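Asker: One-letter residues, chain by chain:
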Amino acid sequence: MSRSTRGKAVFGAALAAALLTAGCGSDDSSAAAADYDPDAPVTLTVGTFGTMDFDNAGLYEEYMALHPNVTIEQNNVAQSAAYYKSLQTRLAANSGLDDIQALEIGFIADVVRNHADAFVDWSQEENADELEGNFYDWKWGQATTSDGATIALGTDTGPQAMCYRKDLFQEAGLPTDRAEVAELWPTWDAYLDAARQYQSTSDAAFVDSPASIFSSSVYQGEVAYNDEDGNPIPGESEGVERAWGYASQAAEEGLTANLSQFGDEWNAAFSNGAFATIACPAWMLGYINSQMGDSGAGLWDIAPLPGAAEGASNWGGSFLGVPADGPNVEAAKDLVEWLTAPEQQVKMFTEAAHFPSSEQAAEDPGVQDAVNEYFSGAPTGAIFGESAANIRRTPIGPYDTQIQEAFTTGLTDIATRGTSPDQAFEDALKAAEQAIGG
Amino acid sequence: MTIASGTVREAAIAAPPPDRPDFPARPRRRRRLTRNRWGYAYVAPFFLVFAAFSLYPFLYTAWISLHRTSLSNINGGEFIGLENYRNLLESEFFWNAARNTLTIGILSTVPQLCMALGLAHLLNYKLRGRTFFRTVMLMPYATSIAAATLVFAQLFGRDYGLINTGLEAVGLDRIDWEAGTVSSQVAIAVIVTWRWTGYNALIYLAAMQSIPGELYEAAEIDGASKWKQFLHVTIPSLRPTILFTVVISTIGAVQLFGEPLLFAGNGTTSGGSAGQYQTLGLLMYQQGWTNFHIGQAATTAWAMFLIILVIVGVNAVIGRLRSRAER
Chain A
1 MSRSTRGKAV FGAALAAALL TAGCGSDDSS AAAADYDPDA PVTLTVGTFG
51 TMDFDNAGLY EEYMALHPNV TIEQNNVAQS AAYYKSLQTR LAANSGLDDI
101 QALEIGFIAD VVRNHADAFV DWSQEENADE LEGNFYDWKW GQATTSDGAT
151 IALGTDTGPQ AMCYRKDLFQ EAGLPTDRAE VAELWPTWDA YLDAARQYQS
201 TSDAAFVDSP ASIFSSSVYQ GEVAYNDEDG NPIPGESEGV ERAWGYASQA
251 AEEGLTANLS QFGDEWNAAF SNGAFATIAC PAWMLGYINS QMGDSGAGLW
301 DIAPLPGAAE GASNWGGSFL GVPADGPNVE AAKDLVEWLT APEQQVKMFT
351 EAAHFPSSEQ AAEDPGVQDA VNEYFSGAPT GAIFGESAAN IRRTPIGPYD
401 TQIQEAFTTG LTDIATRGTS PDQAFEDALK AAEQAIGG
Chain B
1 MTIASGTVRE AAIAAPPPDR PDFPARPRRR RRLTRNRWGY AYVAPFFLVF
51 AAFSLYPFLY TAWISLHRTS LSNINGGEFI GLENYRNLLE SEFFWNAARN
101 TLTIGILSTV PQLCMALGLA HLLNYKLRGR TFFRTVMLMP YATSIAAATL
151 VFAQLFGRDY GLINTGLEAV GLDRIDWEAG TVSSQVAIAV IVTWRWTGYN
201 ALIYLAAMQS IPGELYEAAE IDGASKWKQF LHVTIPSLRP TILFTVVIST
251 IGAVQLFGEP LLFAGNGTTS GGSAGQYQTL GLLMYQQGWT NFHIGQAATT
301 AWAMFLIILV IVGVNAVIGR LRSRAER
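Chains as they are written, first to last, in full-length UniProt numbering: chain A, 1 to 438; chain B, 1 to 327.
Hints were generated in silico from the structure; no laboratory data involved.
Don't take each hint at face value.
[Unchecked claim] Below are the SDA-like pairs computed for lysine to any residue, each with C-alpha atoms no more than 25 Å apart in a straight line:
| # | chain 1 | residue 1 | chain 2 | residue 2 |
| --- | --- | --- | --- | --- |
| 1 | A | Lys430 | B | Thr181 |
| 2 | A | Lys430 | B | Ala98 |
| 3 | A | Lys166 | A | Asn289 |
| 4 | A | Lys430 | B | Ile80 |
| 5 | A | Lys166 | A | Pro304 |
| 6 | A | Lys430 | B | Leu82 |
| 7 | A | Lys85 | B | Gly77 |
| 8 | A | Lys430 | B | Phe257 |
| 9 | B | Lys126 | B | Leu215 |
| 10 | A | Lys430 | B | Thr103 |
| 11 | A | Lys347 | A | Asp301 |
| 12 | A | Lys430 | B | Ser91 |
| 13 | A | Lys333 | A | Asp39 |
Please read these numbers as outputs of a predicted model, since none were measured by experiment.
Excised from the complex, chain A in its bound form:
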């Protein structure tokens, strides 16, 4: 570059920097609560990911019919990881945030710890006690900072059960009735025995992936990835050690279909009948249904998770938070309160199979008595309700997603590359520590 172009470039950089800062700093402070007119026309944007189904369950329409002045627009991102990436950059810039932002359990701890100030604190609302009473205490706790600020209200949860293929069980000479299946695997050791028995007679694998075992059993202990204060302890956690023990056995003995969950081959394996069981958080039912379509109706049934008597476990679930600096904070709060209220959570379960995070909703007859015809008429309301009621409050931390991925990647390594479990654990721990550190 000659001298004069370099000069221009520096000038340009300065100009660009000025433009960027100007663009980022243009947030008006929120309208004061006192000025809030609940009947003024307002358009609310809701940032969501995956299939949160507020639209499919008809809740937006219902709310807009109840409040004709409100227009709701949803900005959905297909993958929660991609959604979280853009949420991070928007939080960093404090710009471009929707009036309401959905927060997944995989990153709620990070938001609670690092961005609590950016969201409305529900514990400061006049009806805070009533709101808190709407939710399972562990669900409320997951969105609450150590100072007691609650930054989001719960939507669904992921209480777990175990889905199994009746047809494949029958071929292998295993019981197919869900009560008998429950007796078949009261513990994870019994589940692994059933797997060995199954694989001695069948070509298909018993379970889709070692991750299925790991991700569901890791939350059955007192602690999973974090200590009581939410600090990651992947190497010393008793929950990780137990879950790794079961899952690495299954991986090493070839009891799994060696699939990576949410990969292309995993998706294809559903309709190819490549595995007979899969850990089923409530939301997995919809996933199985969408992968197999009508051809899978009546093939599956649902039994309790192995070890359910000792501890239920939760995988997934989400929250709705209201960014504190938005222009429509009061209207957004009204909508979030309504969307997460027990009555709406019941509708979310009956219309879209999202299990409630509200105890009242879970005990509602509409949920309790629900059966799922696709899953052989399994009493899903009762199965997941019991699981949800027994969930312990396992401390969550800011790096749970990354740590879980490190361990499930290590399990895949055992299954597909024949790495020894000890070596794989060491590698997984290094990957987890790389994610935590820095």
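With chain A held as given, fit chain B onto it using these hints.
Answerer: What follows is chain B alone, placed relative to chain A:
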């Protein structure tokens, strides 16, 4: 991906233009500047855009790489000097990714350029439907990486992939393409090669067409076979073009990212269960956008840039030495 785009453009700029003419004596310079001011005005928009979207992110990336900070706190964080760089050099993940980048780079660049040269030579003959073949050859380049890689990921699938079905049909064992170190790297190299061979072939073809026909006639009169003509007329005349494609392909290889990311099939950034195909680009993405350590990611981006600078520099030196030797 401002970090990546920052490095690629910078690297392209950093490569010295071949055969730069010598500037005339200094006193005339001021007059030329004023006389050509419209010329500068016309190129100014490019440099403004370049400054805003390349130079500024580039320098900002350098600044971030000196901090311990997260994606959501990009302007804050703690100044830690060169600690990120020291950690990077001590990190086995970095060296693993660097090794993978090198091997995948060799596996893809070498066959790619050799095939491109051969293809260009064939297309240089007067063929029927030449335009058709040339267009077809450029098609992979026009295909989006995402679409192409998704198709290839299906081809290389372990349980239901077309290639394994074919292997089984002829009595061979199925290959778990993704799990193996060599197999996964070969699969990714195939995707890269498929995509860029046609592009390079067209560049070679354009250069071949500027080789004077008399050279070939003279060679033919001397009794040189087609192969000898290719070896002793075509290749030497293409030398600057080959150097150019080597530099461009190498830069592309160092930044390889989309293919390994999509090859995993489920959006994970670890590059296989043992990181067997994690490239530097993927490692940077994992650090910054999966683990949210943007300071580390910026450091890796700068490391990649420095690697590219070294490679381009070595290439330039080789090119200069050769042309001096010929003079």
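Asker: Lys430 (chain A) and Leu82 (chain B): Cα distance at most 25 Å?
Answerer: holds (22 Å)
Asker: Within a Cα-Cα threshold of 25 Å, do Lys430 (chain A) and Thr103 (chain B) meet the stated pairing?
Answerer: With Cα atoms ~24 Å apart, Lys430 (chain A) and Thr103 (chain B) stay inside 25 Å; holds.
Asker: Against the 25 Å threshold, does the CA-CA distance of Lys430 (chain A) and Ile80 (chain B) hold or violate the hint?
Answerer: OK: Lys430 (chain A) and Ile80 (chain B) at ~22 Å, within 25 Å.
Asker: Run the distance test for Lys166 (chain A) versus Asn289 (chain A): straight-line Cα separation, threshold 25 Å.
Answerer: Given pair Lys166 (chain A), Asn289 (chain A) holds - Cα atoms ~15 Å apart, limit 25 Å.
Asker: Are Lys430 (chain A) and Thr181 (chain B) close enough, with their CA atoms no more than 25 Å apart?
Answerer: holds (20 Å)
Asker: Is Lys126 (chain B) close enough to Leu215 (chain B), meaning Cα to Cα at most 25 Å?
Answerer: holds (17 Å)
Asker: Holds or violated: are the alpha carbons of Lys333 (chain A) and Asp39 (chain A) at most 25 Å from each other?
Answerer: It holds: about 14 Å lies between the C-alpha atoms, which stays within 25 Å.
Asker: Is the Cα-Cα distance between Lys430 (chain A) and Phe257 (chain B) 25 Å or less?
Answerer: holds (23 Å)
Asker: Compare the distance between the alpha carbons of Lys430 (chain A) and Ala98 (chain B) with 25 Å, and conclude whether the hinted pair is satisfied.
Answerer: holds (18 Å)
Asker: Next pair to validate is Lys166 (chain A) with Pro304 (chain A); report whether the Cα-Cα distance is within 25 Å.
Answerer: This hinted pair holds, its Cα atoms lying about 15 Å apart.
Asker: Between the alpha carbons of Lys430 (chain A) and Ser91 (chain B), is the straight-line distance 25 Å or under?
Answerer: holds (10 Å)
Asker: Could you grab the alpha-carbon distance between Lys347 (chain A) and Asp301 (chain A) and see if it respects the 25 Å cut-off?
Answerer: holds (23 Å)
Of the numbered hints given earlier, the model fails none.
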